[in-house]
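Undergrad: If you want the building blocks of each chain, they are given just below.
Number of protein chains: 2
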Amino acid sequence: MLNKLINPEIQDLLIKKNFAVLKEIVDELELADVAEIVADLPENLRAIFFRILHTNLAADVFEYIEPETQLEIIKSLSNAEAAKILNEMSPDDRTSFLEELPSSVTKKLIGLLNTEEREIALSLLAYPEYSVGRLLTTDFIAVTQDMTIAAAFDYIRKYGNDSETVNVIYVVNEQDILIDDIKIRTLIFANPNQKIEEILDKNYISLNVYDDQEKAIEYFKKYDRVALPVTDSAGVLLGMVTIDDVFDIAEEEATEDIHRFGGTEAIEEPYLNISLKRMIQKRAIWLSVLFLGELLTASVMAYFEEEISKAVVLALFVPLIISSGGNSGSQAATLVIRAMALHEISIKNWFFVLKREIMSGIILGSILGILGFLRVFIWGKYLGVYGEYWMLIGFTVSFALIGVVTWGTLMGGMLPILLKKIGLDPATSSAPFVATLVDVVGIIIYFSFAFFLLKGTLL
Amino acid sequence: MLNKLINPEIQDLLIKKNFAVLKEIVDELELADVAEIVADLPENLRAIFFRILHTNLAADVFEYIEPETQLEIIKSLSNAEAAKILNEMSPDDRTSFLEELPSSVTKKLIGLLNTEEREIALSLLAYPEYSVGRLLTTDFIAVTQDMTIAAAFDYIRKYGNDSETVNVIYVVNEQDILIDDIKIRTLIFANPNQKIEEILDKNYISLNVYDDQEKAIEYFKKYDRVALPVTDSAGVLLGMVTIDDVFDIAEEEATEDIHRFGGTEAIEEPYLNISLKRMIQKRAIWLSVLFLGELLTASVMAYFEEEISKAVVLALFVPLIISSGGNSGSQAATLVIRAMALHEISIKNWFFVLKREIMSGIILGSILGILGFLRVFIWGKYLGVYGEYWMLIGFTVSFALIGVVTWGTLMGGMLPILLKKIGLDPATSSAPFVATLVDVVGIIIYFSFAFFLLKGTLL
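Quick note, the sequences are listed as chains H and L, same order.
Using this note's numbering, read the first sequence as starting at 114 and increasing by one per residue.
Using this note's numbering, read the second sequence as starting at 114 and increasing by one per residue.
Bound-form chain H, shown alone (with noise of 0.2 Å):
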């Protein structure tokens, strides 16, 4: 809000190249905000204003704007500034950075590094995408057990400035193997005098660089700690992640597990951000694939047509009863599908879950199918709609949503922990595509319903 207000104030001394005045008011505010500014700045403004900060403090504001425009920005500098940038920027963040971009620009970029940097840049890159490498910044405190906590003050002050927080220190032994994490509390309780080693409780939750990205997350939210050490399977600390970025991809995961759920490719772009091409692109995918399982219902519908042209009043309940198949067929996919996501359940759980969802649709089924027997009684009674054998429909709508609601509670259930048996992701079992499965089998108990209960009357 404040960003939108001081917007123009900004441009205007930029534009009058008030530079002093501009350091001022950006020393007041606070980098996140800075960021949001030069967002919003013409872009050929932000060269300007990148090129006025100081470069670490370009470098700080650089890690909090958005890929595109970083890239936007980047472009719009000489090679000699977007390198001091490049360099400065913390490893984690410049990995985030170059993952999204075009791999003829990352290596381009990667160029622009100092030999040390790049290093690092092309060592976090060659981490498989959504592993715990691609979060990981070498910008961490290690000291050694034989070191006094003074001498452990000390040394944090000589190299903690670059270090991402101080908040942990990390203890390693002479092969740069992990020991033990301290928190820094525990560092300013001790007795100056004493040695590392005698504080240590040998104590500590690591990740290793390989892991899922999940797993970061899980452990964040299990361990309550803002820093986590990272290690190779021998141990070695390769560096830590912090909970700021795991806290975004935590977010990212239910972005993409949401969108699946509606029935799209997930999509990182920020919606007034992506082309409409895009969007089309990512949404046409799945509706076309929901679209050609539901021709399937055309088909089974065509084999019912002559009990249809007999009883047309069945066609009238069709779209009734199997939007209440798919509505309970989403429930119960996204109540499995987000419980599988927290861990609350796993694979080994399939059967108290077949349990509990087939329970849930025989008493859900039998509440629906009541209100729909209420309502074909009371236009068939009373309004005479339904013709002379209006209880009969009655009960075929009754009994196939019972039915109906039963199968897709059952689907929606099972699905989810079918195709993460089979290595897939539970999410793709989205609402809509449960709805699609239940849709087709819906019409045919339908009617299977209503051959039983109407032969030698309507049909």
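Accuracy of the hints is not assured; some may be wrong.
Because identical chains cannot be distinguished in the list, a pair is counted as satisfied if it fits within a single copy or across any two copies.
As the list claims (entries may be wrong) - Under the rule of at most 27 Å between Cα atoms (straight-line distance), these lysine-lysine pairs were calculated in the DSS-like manner:
{"#": "1", "residue 1": "Lys188", "residue 2": "Lys220"}
{"#": "2", "residue 1": "Lys197", "residue 2": "Lys335"}
{"#": "3", "residue 1": "Lys461", "residue 2": "Lys390"}
{"#": "4", "residue 1": "Lys533", "residue 2": "Lys335"}
{"#": "5", "residue 1": "Lys328", "residue 2": "Lys461"}
{"#": "6", "residue 1": "Lys334", "residue 2": "Lys136"}
{"#": "7", "residue 1": "Lys188", "residue 2": "Lys568"}
{"#": "8", "residue 1": "Lys533", "residue 2": "Lys334"}
{"#": "9", "residue 1": "Lys395", "residue 2": "Lys468"}
{"#": "10", "residue 1": "Lys461", "residue 2": "Lys197"}
{"#": "11", "residue 1": "Lys129", "residue 2": "Lys494"}
{"#": "12", "residue 1": "Lys129", "residue 2": "Lys188"}
Read the hints as simulated data drawn from the structure, not as lab findings.
Here the structure of chain H is known, so what remains is to put chain L in place on it, guided by the hints.
TA: Only chain L this time, still in chain H's reference frame:
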């Protein structure tokens, strides 16, 4: 995993009353892991387990346990034992435990607290639900400007033990009004003889105790803090909120939204813990509401009964058409709702969304329209299932699809914004909700096209 493995051993030690060994094992474990073990213990052993832990360790472990289990444990302990734990708990975790309980139980437990803690507990529970106040911990460290850095450190060593974190220190004036926050790193790097006031930048982010918890989430994500100070409207520092609690809240909110997306009341309890009865209640409400909405489809279909009886073939495509509308609608709703939750778009962007979704609808509808026509073309021309007028039917289906899909995206896109505008939760316009709305209108659109295109031939 590990926990499950050593659980039998723990039980064995408890039964054998081999508490010495037990304590050793517990000291080796993370609090969160001990909590998991406790949760898996049979009720009768839980109390024993807590009795052998030192009070403060017991309280720390207790904070990691689920509310339901927490209550069982408290009930199984003597009042004196329960009081010890409740008095030791950190205020924020105690609030989130107490607020879950029936008020009678809450009263009883608050009665066990000592005067000081009782005052804290009552004041925190007095803040509105979902307000920052409910996340507040009063265990923080505040220093004054006139202190030297060295004095500040002494102060931290003296009073920092209870503080939930020492990563950030707060600076207040004589009226306890918040002046600034200082990262512990800044203190460490500063010269011990400097005064606090010399290292202040007077530039901090704080929350108001009555702010919505959503704001806390937004701030932590945006400003990358591990803790934020909380003040009253006069600026008096009341306490702080730590990122671990906000992380949990963020996840709960995502779960709530996801559940609503699936067309069910938000369910807090884990899938495995919630009773069938409660789950049915949560699900039946929405399912019935949606069902009552879907009943309209039966009326609309009845309205077109004559057309259907004349051209039964029309009925065959009803499921296909309404489900396509439903799917496109849930896509749009999902994207817009999530974008609003992430503050990517707000009400004022309604016109952009309107244009975007209409365009998407027309394009996506055309894609499905073509697929639909192809289907009718092949089945009609080569299998002859749709009679002599198959081409007209094909056009009817395609145009209906364009119309229905556009209507679906429009509904899905605008409804969340509308709900927000009138002060309701956008997530209420979940996929099934939109689908239901679209179904009814979809049938009308379809039969209207049929009416105009097939008049004089099939109709």
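Undergrad: Each hint should be assessed against the structure and marked as holding or not.
TA: Hints, one by one, checked against the model:
Taking the shortest alpha-carbon separations for Lys188 and Lys220, only the intra-copy value of 14 Å comes in at or below 27 Å, while the best inter-copy value is 63 Å. Taking CA atoms no more than 27 Å apart as the test, Lys197 paired with Lys335 passes between copies only; the shortest distance there is 25 Å, against 38 Å inside one copy. Taking the shortest Cα distances, Lys461 and Lys390 sit within 27 Å of each other only across copies (23 Å), while inside one copy they are farther apart (42 Å). Only within a single protomer do Lys533 and Lys335 lie at most 27 Å apart by alpha-carbon distance; the minimum there is 23 Å, versus 34 Å between protomers.
For the homomeric pair Lys328 and Lys461, the shortest alpha-carbon distance inside one copy (19 Å) is at most 27 Å, but the shortest distance between copies (38 Å) is not. With identical chains, the CA atoms of Lys334 and Lys136 are at most 27 Å apart between copies only, with a shortest distance of 25 Å across copies and 39 Å within one. With identical chains, the CA atoms of Lys188 and Lys568 are never at most 27 Å apart, being 75 Å at best within one copy and 61 Å at best between copies. In this assembly of identical chains, Lys533 and Lys334 lie within 27 Å of each other by CA distance solely inside one copy; the values are 23 Å within and 30 Å between copies.
With identical chains, the CA atoms of Lys395 and Lys468 are at most 27 Å apart between copies only, with a shortest distance of 18 Å across copies and 36 Å within one. Taking the shortest alpha-carbon separations for Lys461 and Lys197, neither the intra-copy value of 53 Å nor the inter-copy value of 39 Å comes in at or below 27 Å. In this homomeric assembly, Lys129 and Lys494 never come within 27 Å of each other (Cα to Cα): the closest approach is 82 Å inside a single copy and 72 Å across copies. Proximity of Lys129 to Lys188 under the C-alpha cut-off of 27 Å is restricted to the intra-copy arrangement: shortest distance 24 Å within a copy versus 70 Å between copies.
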